[in-house]
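Number of protein chains: 2
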Amino acid sequence: MHKPLILVTNDDGVYAPGIRALHEAVSSLGEAVIVAPERDNSAVSHSLTMNRPLRVVRLDEHIHTIDGTPTDCVTIAINKILHRRPDLLVSGINPGANLGDDISYSGTVSAAIEGTMYDIPSLAFSLGGSPPFDFEVAAAVAWKLASMALAMHLPPKSLLNINIPPLSAGKIGGIRFTRQGRRLYQDAIQETFDPWGRKHYWIGGGTVHWSGGDDTDEQAVRNGFISVTPIQLDLTNHDGLAYLERQWQM
Amino acid sequence: MHKPLILVTNDDGVYAPGIRALHEAVSSLGEAVIVAPERDNSAVSHSLTMNRPLRVVRLDEHIHTIDGTPTDCVTIAINKILHRRPDLLVSGINPGANLGDDISYSGTVSAAIEGTMYDIPSLAFSLGGSPPFDFEVAAAVAWKLASMALAMHLPPKSLLNINIPPLSAGKIGGIRFTRQGRRLYQDAIQETFDPWGRKHYWIGGGTVHWSGGDDTDEQAVRNGFISVTPIQLDLTNHDGLAYLERQWQM
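Protein sequence lines correspond, in order, to chains A and B. Per our numbering, residue 1 is the first one in the first sequence, and the count goes up by one each step. Per our numbering, residue 1001 is the first one in the second sequence, and the count goes up by one each step.
To be clear, the hints were calculated from the coordinates, so they are not data collected in a lab. All residues carry an ideal CB built from backbone N, CA and C; glycine is no exception. Treat the hints with caution; some may be incorrect.
Taking lysine-lysine and the DSSO-like style, the derived pairs with C-alpha atoms no more than 30 Å apart in a straight line are [what the hints assert, rightly or not]:
id	chain 1	residue 1	chain 2	residue 2
1	A	K144	A	K3
2	B	K1080	A	K199
3	A	K80	A	K199
4	A	K157	A	K3
5	A	K80	B	K1199
6	B	K1157	B	K1144
7	B	K1144	B	K1080
8	B	K1003	B	K1199
9	A	K157	B	K1157
Examples of chain A residues lying across from chain B (beta carbon under 8 Å, computed) [stated by the list, open to error]:
id	residue
10	M50
11	L54
12	K80
13	P155
14	G204
15	V208
16	T229
17	I231
18	D234
19	L235
20	N237
21	E245
Working from the sequences, and respecting the hints, build out all of it.
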């Protein structure tokens, strides 16, 4: 059997400690190649960069960087850098959780979405909590789940969004397969005034509630479990489609 | 019965012809209030602006503009501008289709996602084709679908992503309820060299294929039909979740 080829990427850039921990963790499972943004892309759009050329810089045999987005990195890695189709894509480890509705805005997850579009098993890893982040336990979790993903099938046209609680190894309760939770804000817009007395609104603050029970991603992490959520590319509400065809006569 | 309150927004900014056509079209159905970005936000992230205060400018009784993203506009409109909860949200009309995988990157659709998070029936409208865009037919379609959405229920936790072919009224084949298509690229990365002879990659060109049959959004528009796709907020692959719980023993 050939050695698995593993593409490693993220949205925080090639020098982020999270990707280095992830690369080291999966290196024992196969040939692990980093293709990651040159710098932090957390605030950048997920989309492809099409308005300018992109440059690949090879830092060493297994580390490449691109002056683009996570999505750019994945598509260029697969089409132009790697000598063959990768067996696995791992993205992260993001410092900070990617739960519930945040998934749509996450660069870490968008890299895994791009991998899934190429039908490559793709895992997105995020570590909950706040700075300073210690990636040691999360890297061990990433190793375990990456080895599972090499041995088992993922659900079709789906990636796994994995969130790890910021706990020591002994305190983590294990793995929970979860559904995406929903975040509800209350009083999350503050009013403020500029020096000329004009009212402005500042989005933030207030209280955040999560809906759903113990089977959601957010609840799992809150309760000390590793959350593994299968996220599908197809956004169609198929039940809703049948309903529309039946009821919306025009 | 009270007059319906309709929130009108977009991602191209308050002065775009598409939103003006949409506003005029739905004004006969109720009180239609525009809350839209000050300027074109097509290339901006969908996320909430949380790092600075936002200013609302009231252009007239029914037109407000905000120096933020489509998502900012929707949340501030609902929480701070409108005198009550809107009965309907309409976003667009976008010049250019939003089909298949493009949905994830669309500001037009992201405004409708935000409305759906507040459980407000939300419709995203896009007009296919290329410039110059004529919004007359699309506005009539928007009027018809908005009046349907006020009379009927939408599928739960879902928005409708509506794409209109760039045809005259007589040539449009009618409405098709569709699923999200998938876009496949081939040879979509070109190689180019900078003045110093260094290789760069430019994403674009090549050929685009669409997978799926006549029941997809892309095929419907290509065949001259109005495509209506129910898009759900929950990205969880629920079948995949059951599979993981059964098969991934750890």
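Structure-based check of all given hints:
1. K144/A with K3/A: 17 Å, holds
2. K1080/B with K199/A: Holds: K1080/B and K199/A sit about 12 Å apart, inside 30 Å.
3. K80/A with K199/A: 51 Å, violated
4. K157/A with K3/A: Measuring from Cα to Cα gives roughly 24 Å; hence the hint holds.
5. K80/A with K1199/B: 12 Å, holds
6. K1157/B with K1144/B: 22 Å, holds
7. K1144/B with K1080/B: Measuring from Cα to Cα gives roughly 29 Å; hence the hint holds.
8. K1003/B with K1199/B: 61 Å, violated
9. K157/A with K1157/B: 22 Å, holds
10. M50: Holds, because the Cβ-Cβ distance from M50/A to chain B comes to roughly 5 Å (cut-off 8 Å).
11. L54: 5 Å, holds
12. K80: 6 Å, holds
13. P155: 3 Å, holds
14. G204: 5 Å, holds
15. V208: 12 Å, violated
16. T229: At 6 Å from the nearest chain B Cβ, T229/A passes the 8 Å test, so the hint holds.
17. I231: 5 Å, holds
18. D234: 6 Å, holds
19. L235: 5 Å, holds
20. N237: Since the shortest Cβ distance to chain B is 4 Å, the answer is holds.
21. E245: Check passed: Cβ of E245/A comes within 5 Å of chain B, closer than 8 Å.
When held up to the earlier numbered hints, the structure conflicts with 3, 8, 15 and fits the remainder.
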